[in-house]
Amino acid sequence: MAKVVARTGNEAMAEAMRQINPDVVAAYPITPATEIVMIFAKYVADGLVDTNYVAVESEHSAMSACVGAAAAGARVMTGTSSQGLALMYEILPIAAALRLPIVLSDVNRALSGPINIHCDHSDTMAARDFGWLQIFSENSQEAYDGLIQAVRIAEDPRVHLPAMVTTDGFIISHCLDKIELLEDSEVKEFIGPERKAPNSLLNLEKPVSIGLLDLQDYYFEHRLPVAEAMRGAKKVILEVADEFAKKFGRKYGLCEAYKLEDAEHVVVALGSTCGTAKVVVDELRSKGVRAGLLKIRVFRPFPGEEIAAALAKAKTVAVLDRSDSWSAQGGQVFTEVRSVMFDLPVKPKIINFIYGLGGREIDQGQIRQVYDCLQKVEKQPLVQYLGVRE
Amino acid sequence: MSLGKYIQAFPEYGAERMGAPVASFNRISAEPIRVHCSISEPDLVIVLDPTLMGKVDVIAGLDKNGAIIINTTETAAAVRQTLKLQGAKVYTVDASGISRATIGREIPNTPMLAALVKVSGLFDFETMLKDTEGKLKKKFISKPEVVKGNLDAMRRAYSEVKGE
Amino acid sequence: MNGKPGWRELAEGDVVPAGTAEQFETGDWRTERPTWHPERCIQCLLCWISCPDSAIVVKDQKMTGFNYHHCKGCGICAKECPVKPEKAITMGPER
Ligand code: SF4
Ligand code: SF4
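Protein chains in written order, with our numbering: chain B, 1 to 390; chain Y, 1 to 164; chain S, 1 to 95.
Source of the hints: derived by calculation from the structure; they are not laboratory data. A portion of the hints provided could be inaccurate.
No more than 27 angstroms apart at the CA atoms, straight line, and that leaves these computed lysine-lysine pairs for DSSO-like [stated by the list, open to error]:
hint, chain 1, residue 1, chain 2, residue 2
1, Y, 89, B, 3
2, B, 178, B, 188
3, B, 3, Y, 135
Derived coverage of chain B by chain S (criterion: at least 3 residues anywhere in the stretch with Cβ under 8 angstroms from a Cβ of chain S; other residues may be distant) [claimed, not checked]:
hint, segment
4, 94–104
5, 220–226
6, 374–387
Note that CB positions come from ideal geometry on N, CA and C, so glycine has one too.
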């Protein structure tokens, strides 16, 4: 039976890792993800897991060790944030190309500089094209459930791709929240006792070479399957979510539609901001405004068709980006959402707000302001910064 | 939470140095809590370190029907004057003094918690005491005197908190 | 590019059976051919250490000649052979 406890996002992630009991964890602590690694290292020291914990000297080494261990056939996890993820960037696409289902918990934090430890999505967004699945969490519960599901999804033979599950730095990672934990046995049964790797560097019966030089004549053919697996992952994510809902009662999808059916004014967002936005939607609805929210939970694979379908009936749409793409036509989420809406027969008017960089507060007032802008959308610029001092 | 409520608690982190002033936010609700932003209009403010008054605007956004509880030896009336506070209720309790006397160190946290229970009326005090006792027992398994000290501190604070 | 497998036909994840270099004939790259002169050879095995294609055939810890299936004729073995004044490996034209 489910156990209700109070956990911060980091504690929830570490708890999920304990229950997953991976074969190998190679990690290097970094604020605000430090506790995930710290708590897990304690589990290792206390003998609560069978994990081989590799203490490394940097995130570059951490991800390299993860790749090696996963290529050997192990179930592998790690955790990091911001600059730490950035130091892994060199290795992240290799994990994807080698089709290694490593699962990483990333605590979203701004990229330096200036030096900052607080939340935004720049770290994850800069990694969006590395062939990793990306699952954002609105709260600790979603982070916990997401991490457990990610193992199943990543290891599914139709996917075989690495996955990162994220929480918003401090806002979720350090926020004590009420969550429901599964039993250890339930997690074990859900993810299966061990990873079934098609190849192993340690299998002397069937020796293989992994990660070879590919030139003009093969590289392209080896990249395409990653894209194909990523597209196919959508189906697997939904299947795994379905099974999870049947067993444990909590429903997840690629996106979450909140009061969208008859919504005229829709906000699209990721992560913890969605919780705050839901409260604003309720408040506006009670005043007669047909407001709605589309939460994108899975950013990779990108649920393009699903987003277009969900937004098809809206009059106006505001996409909230917690990262900037500098001179592009808005933030990363906006450019992709706007692109899938281009083919809609009747296009809603769509605008972009870039907000919350470096942990800048986003509260109900600001989200109300976004819905206000949607109600007089004709006067709005395509892209604007929300909550910045002029 | 063990008393059937939904909770949310999160600190505001700056440069993390021991001893630096910190703010921390808590929400208690009968419904699931979905908002994820700081609290700018609190119903209740708790000041653990009275030397912050005057340096930090501790009454910013405080609801007129809200309350502020301060760990101090001064009276509520004196504090109200210092803060130039109109409306809202002011409560004081010498949590530092109580904790020195009962726990042996200046840790005003548990007595302030007791004061909060009294002022807010959100929970039954005896249930709260039992719950805290359970939690402390787990943490201080080899130091029963710490558990007792904390519980004594809570009982004293509960009866000594005064307000206007 | 024609005649090579399409992306659906490749094994997943840039993985191939190990040791396939064995089957690959680099011998046909050769324009110069090494010859071994056993009477001058002092069995130091420097040629074996230096050969980039593992084409020096060693049996019972002794240099015994070349594997011409793999020898690409680079001449490193001849260059490294320490015997003087005439080396125990010499390069000549490939017939
Ligand atoms: S010529 Fe080059 S490839 Fe051939 S045996 Fe000598 S070192 Fe090896
Ligand atoms: S390097 Fe020359 S002397 Fe040494 S083993 Fe080879 S052929 Fe013989």
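Now the hints, each set against the structure:
At most 27 angstroms may separate the alpha-carbon atoms for a hinted pair to count; residue 89/Y and residue 3/B exceed this at roughly 38 angstroms. The straight-line distance between the Cα atoms of residue 178/B and residue 188/B is roughly 23 angstroms, inside the 27 angstroms bound, and the hint therefore holds. For the hint linking residue 3/B to residue 135/Y, the alpha-carbon distance of about 17 angstroms falls within 27 angstroms, and the restraint holds. Taking a C-beta to C-beta cut-off of 8 angstroms, the segment 94–104 of chain B contributes 4 residues in contact with chain S, enough for the three needed, and the coverage statement holds.
For the segment 220–226 of chain B, the assignment as covered by chain S holds, since 5 residues bring a beta-carbon within under 8 angstroms of that chain's beta-carbons and 3 suffice. With 0 residues bearing a CB less than 8 angstroms from a CB of chain S, the segment 374–387 of chain B misses the requirement of three and the coverage assertion fails.
When held up to the earlier numbered hints, the structure conflicts with 1 and 6 and fits the remainder.
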